[in-house]
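**Student:** Listed below, chain by chain, are the residues.
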Amino acid sequence: MKSKETECSAKKKKEEVLKDLRGFGSNLYGQMENGKFPWVEMPSRSTENIFYSPDVRQYILGEKSVKRTARNIRHIKPFTQMVWAGFFASELVKNRKTSTLRDVYYSAQAYEMTFKDQPESNNILTDLETATGFAREDFNIFPEERSALFGDLTIEYTVPGYEGKQLNMTSHPDGVMIGPSVVSAEFAKTGCDKVIAIEKGGLFTRFIEERVHEKFNALIVLTAGQAPRATRHFLNRLNRELDLPVYIFTDGDPWGMHIAMVIISGSANAAHLRGLTTPDAKWGGVYATDIVDYKLPSDPLTDVDIKRLHELEKDPRYKGELWKREIKTFLKIKKKAEQEAFSRYGLTYIVDKYLPAKLEEMSD
Amino acid sequence: MVTFQEISPADFFYRNRDIVGFTNPSRAVFVSIRELVENSLDSADQLNVPPEVYVRLSEEDGVTSTTESSNGVYRLMIMDNGSGISARHIPSAFGQVLFGSNYKLKQARGTFGLGGTMAILYGQITTHKPVLIRSSTGGSKIYEFKLMIDIQRNRPIILDRKTRRNKENWRGTIVEYSLEGDYYRAMSKILEYLKQTALVTPYADIRFVDPKGRLYMFTRATTKMPPPPTETLAHPYGVDVETLQRLIRVTDCRNLLAFMRKHFHRVGQGTSLSFLDFAGFIRTPDPKRLKPEDAARLVETINKSKKFRNFFGSVSEEQIKGLLKKTKSQNMFDFMKSSFPNVDRTIIFRLLAAAGFVRTKNPKKLKPNEIVKLVRMMKQFTDFLPPDASCLSPLGEDLLKTGILKELEPEFIAVSQRKPSTYAGHPFIVETAIAYGGNIPKKDDIIVYRFANKIPLLYDEASDVSVRVIRSINWRRYKVTSGMPLAILVHLCSTKVPYKTVGKEFIADRPEVKSEILNGIREVARRLQMFLAKREHVAKEKRRLSVFSKYLPKIARFSTDLAGKSEEPDIELLLKSVMKYEEQGD
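Protein chains in written order, with the working numbering: chain A, 21 to 384; chain B, 982 to 1567.
Simulated from the structure, these hints should not be mistaken for lab results. Hints may be right or wrong, so weigh each one.
Said to hold, decoys possible - Listed next, the stretches of chain A that the computed footprint assigns to chain B, with coverage defined by at least 3 CB atoms under 8 Å from CB atoms of chain B:
1. 33-45
2. 103-117
3. 238-245
Backbone N, C-alpha and C define an ideal beta-carbon position, used for all residues, glycine too.
With the rest of the complex left out, here is chain A (with noise of 0.2 Å):
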């Protein structure tokens, strides 16, 4: 398939950041350099400069800007804070290393940079990703690892001791988890034409062992809840790069609803960054609708639930005509359910029956 022009862009990528990074450093050494404290300039990431683009299909930050100086007496300290996670970042990418966030917390140690606590460090990171425009997997930092992937699809690998090395991703029964040599990995061939993210390992579990695989020549990702954004950002690379259609399964709650609008849309928190949305996905219930249609199991929606869908009426991603039947629904009848609740009409009545409909639904 494409692996060679891919493999380039791998290399490619890690060039740009490493350029980038020493632009960023360039231009502080410039400023003491000519005597004065060094400062960089960033779009502000306050709430009242991120807004949501109908054209990008996700939440953008606006015009406003702000500038930390390290002349400011509060703001040299995150301000040198965020320097040394610049220099981290190329000392990872240089030597092709991984790290996680919590990684990131205690090697700050080391260099007698301390955070006071993991959130500080994490919100260092950000603003990184501000100034350089850059994902934080970009540089090698990535969260815990909890989603996975199943299905016929041959990724080769890019990290140290693994380069060149292929591995296809029905190799394993339980699934391949998506950490780091996943997301760096190029792809190398597929036999899918399409992607179902599901929310939940025990359904992941029974679409396996159902060969979802193979009856809907399907990719599963399992995004354990709210997807990591090393898996967002993997789902946008399927689409993007394999042509392949996205499906999302979660629960018929405003929860569910929201993982699938997170994968599809972005998140606010995440405005300062691109290429981990993908707008074309579409999600497949569990809908409300289905509820009463499939006569489903339900749980009464709590206060927080229903707070919670009055929040989702106002939020400009849920502009579309199916999300606002979907709420309305939701408010008339005060009930929710997972996804297994299925399981009412036998194990395999999800994949025998719902699934295909579903999916002959959204191809529409």
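With chain A's structure known, arrange chain B on it following the hints.
**Tutor:** Positioned in the frame of chain A, the structure of chain B alone reads:
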């Protein structure tokens, strides 16, 4: 049947020793030392010699210092380098209650001539042993007396008397006697008393050997002494019937006009005249009975003085005689007032007095109700001049500072001497100081050192006016927080300290005194505030620099690495500019 019997002052104090502070054995030791040390200091002060006081307290017998209750008999010896006492006064000075050198009105530590003799009296009561006095005024002889007090008759009994040759020209007084007491309970108060005395008398050398043989030295930090006070007369506002009667008894003035001038503070001819006029104690003769030479004297008096000519114009004898014939006035004052209606009352009285037409009573012939009236009028008359402060001997800002630095070694000190003021005819001066850090312990409350006429006040702090004033101040306004090492000193100097009790322990709430104390404390507190603010600023500045010097080098290092350079940029100038910015910011 009820019997009445006169008791002597010695007998009175023997029966009521509680009111002068001899309430219990520990308090008795403290008060005895205090009274005698104060006499010694006063004595050297009066001579304008830097005092040297040596105090020795030793166990005589019966003291079991190992047990908790160390009640026993002690031998107390106090030696000073003061003026000494002439041989003929020694028996009375130490063997008669209410005999002392502090009669006149000027600031001194002792006021009643009571303390020293009371201490000796207490010793005699508790041990029945005589007191030994040795004294010399610096002449060729040293006099030595062994005395006891005849309590019922308030008379000294001389048991023995010796005269020695004063080969070394020694001058001073040594008092030595036995008393019952409890030193170990009094110890902390005695040491605190000596320390505070050394603080407020930085020109004195004080040494104390306690019953354990431990020597406490309070060495002088200077030989400079405050200017000695001058004696002054009583101010009319501060006079009561008893004082007036005593003055009348001793005066040789034949009329009230002269009496007022001679015996009262800042009362001259004019004030004396207008007061006696106000009080209704002036008479002038009937103009009808004036002899021709009297009229001539009046005219002469006017014409002789330029001042009187200005008021009355030049008058001739004929003119006056003409006016005298026609007048219906009953007395010379009314006659002059109707003849010269534009001239001020006081000027007319001045003229009449100068010409010898003013009659005032002989003070010795005043009837009791007239004496009472005179005193009452003194309080009502508003034109007396305020007393001046020359009779006071405040420590002065420099000496106060020296004393505090010597005893507390503070990091910061501010002192203030207020302008003289008066209450009820008594002049007073308030001195305040505030000290921070150094040897001052950190306490929740501000430590207060109270002094009156250079005497430390150690008891009943909560009732004292200074403490009330300090509590009323909102200290947060002065950046003072609880737990700071802070001491405030208040020194009140007056010819009459408004003590609330005979025991000289705390000062009463006199509004005039209170407001001076408040203003004095505020003044030094403002200076403390500036000091604390500056310190805070410097600390902030240091913190700033430390933040910048912590992070800038790191930024330089990481940027150098990121940029792929080998040499780090120079950030010294940037670090320097951090401080510069701050200075400009002021």
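**Student:** For every hint, state whether the structure bears it out.
**Tutor:** Here is how each hint holds up against the structure:
1. Note: the region 33-45 of chain A has 4 residues with beta-carbon separation from chain B under 8 Å; the three-residue rule is met and the coverage holds.
2. As drawn, the region 103-117 of chain A meets chain B at 5 residues by the rule of a beta-carbon pair under 8 Å; at three or more, the given contact holds.
3. Only residues whose beta carbon comes within less than 8 Å of a beta carbon in chain B count, and the region 238-245 of chain A has 0; fewer than three means the coverage is violated.
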